[in-house]
Amino acid sequence: EPEVTQTPSHQVTQMGQEVILRCVPISNHLYFYWYRQILGQKVEFLVSFYNNEISEKSEIFDDQFSVERPDGSNFTLKIRSTKLEDSAMYFCASRDSTRYNEQFFGPGTRLTVL
Amino acid sequence: AQTVTQSQPEMSVQEAETVTLSCTYDTSENNYYLFWYKQPPSRQMILVIRQEAYKQQNATENRFSVNFQKAAKSFSLKISDSQLGDTAMYFCASFSGTSGSRLTFGEGTQLTVNP
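Note that the protein sequences, when read in sequence, are chains A and B.
Be aware that the first sequence starts at 1172, since it is given in the working numbering, and climbs by one per residue.
Be aware that the second sequence starts at -11, since it is given in the working numbering, and climbs by one per residue.
Incorrect hints may appear among the rest.
[Claimed, not checked] List of simulated lysine-lysine pairs, DSSO-like, C-alpha gap at most 30 Å:
1) B/Lys43 <-> A/Lys1213
2) B/Lys66 <-> A/Lys1213
3) A/Lys1213 <-> B/Lys58
4) B/Lys61 <-> A/Lys1228
[Said to hold, decoys possible] Stretch by stretch, here's where chain A covers chain B in the computed footprint (C-beta under 8 Å, at least three residues):
5) 3 to 17
6) 23 to 34
Calculated directly from the structure, the hints in this document are not laboratory data.
Positions of the beta carbon are idealized from the N, C-alpha and C atoms, including for glycine.
Extracted from the complex, chain B is given alone in its bound form (with noise of 0.2 Å):
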């Protein structure tokens, strides 16, 4: 079975500024997926980004980047150059074919970008 584990219910960053968003995992496959789903207020999952555990180069997707430490089971969300439209819940996510075909989601973390 898997798991994952979000520690922060809410953060809040000031425009223009950086922040990370905290996630574990955990896992007995050695083949699954990660991700980070953003969820704004009309609670719509939207895709952020997504890293293959097999891949040892951190994702990154224009102003979001990960930090995936495999060994610590560690999947980290930065956003950089925060905007007031990056408000919303973030959720950390797993999948691995090959334990079943569902996503595992973490218990989320409410961000705030303040102005």
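With the rest of the complex left out, here is chain A (with noise of 0.2 Å):
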């Protein structure tokens, strides 16, 4: 069965520097979210993406992240210049328009701030 893909699993940072968080949907999908999920803590929606551009995005989204989707198949999560608090699991997921709105996610891509 078709699956998400990310990398890299685990990703080590100096607070300040910029981070891309790579994705790679199911192909015939058209909607891409990024959530997060602080150790311990609930899952969290940051944004989806649909048509080539944002279709929503929560209070955490600030100017920091933002998403791009290069070609046709990459969908990626950038954090300009990442804090501390950033330290988190971070999933990609993916769904088409017709599979009863299932979101299939990716194995994440743990983040962790130094």
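Bring the two chains, given one by one in their own frames, into a single complex with the hints.
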């Protein structure tokens, strides 16, 4: 069965550095998402993306964050200047428009900001 | 806005027994979907079961079933014949296509299946 993939699985960075988290959604999916989960907490929505533009973003998704679909397969989340509190697991998800609105999640990228 | 609440931070069950995880939600939408996701120690999010709000019949997937009480806004997950591999964090989540495309998650319930 097709799956969402994410790279890297673990990223360690220094505070203030830029990071790019990469995702390859399922190929025929049209809607893309980023969520984050701080250790021990609930999963929180960051942003959704459809038709090459952001369709919704949460209050967490401030100017430090951006998303891009640079080609037909990748979907990236960029954090411009990381802070300690950005340390979390970041999940990418995708869905098509027909399958009962199920979002398929990638395995996640663990981001550690030192 | 949608909210999802899971009031049981931790639960445990003996192997082969049945356990029920609770979830309540709040939404003003008429058209919405409810999900249970499983997150094992690998932290992968795996869909366990889904329920369309317009369907009265409770969803079932093998050993997993839900008790969907629309008027009470309750959506509990029952796991029958619990297995050691069921040990995981379980998240209840809601989705409404009319008020945005996000999934809203509950706080999670850590389920431990004991041998």
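| query | Which of the numbered hints are not met once you compare them with the structure shown? | reply | As far as the earlier hints go, only 5 is violated by this structure.
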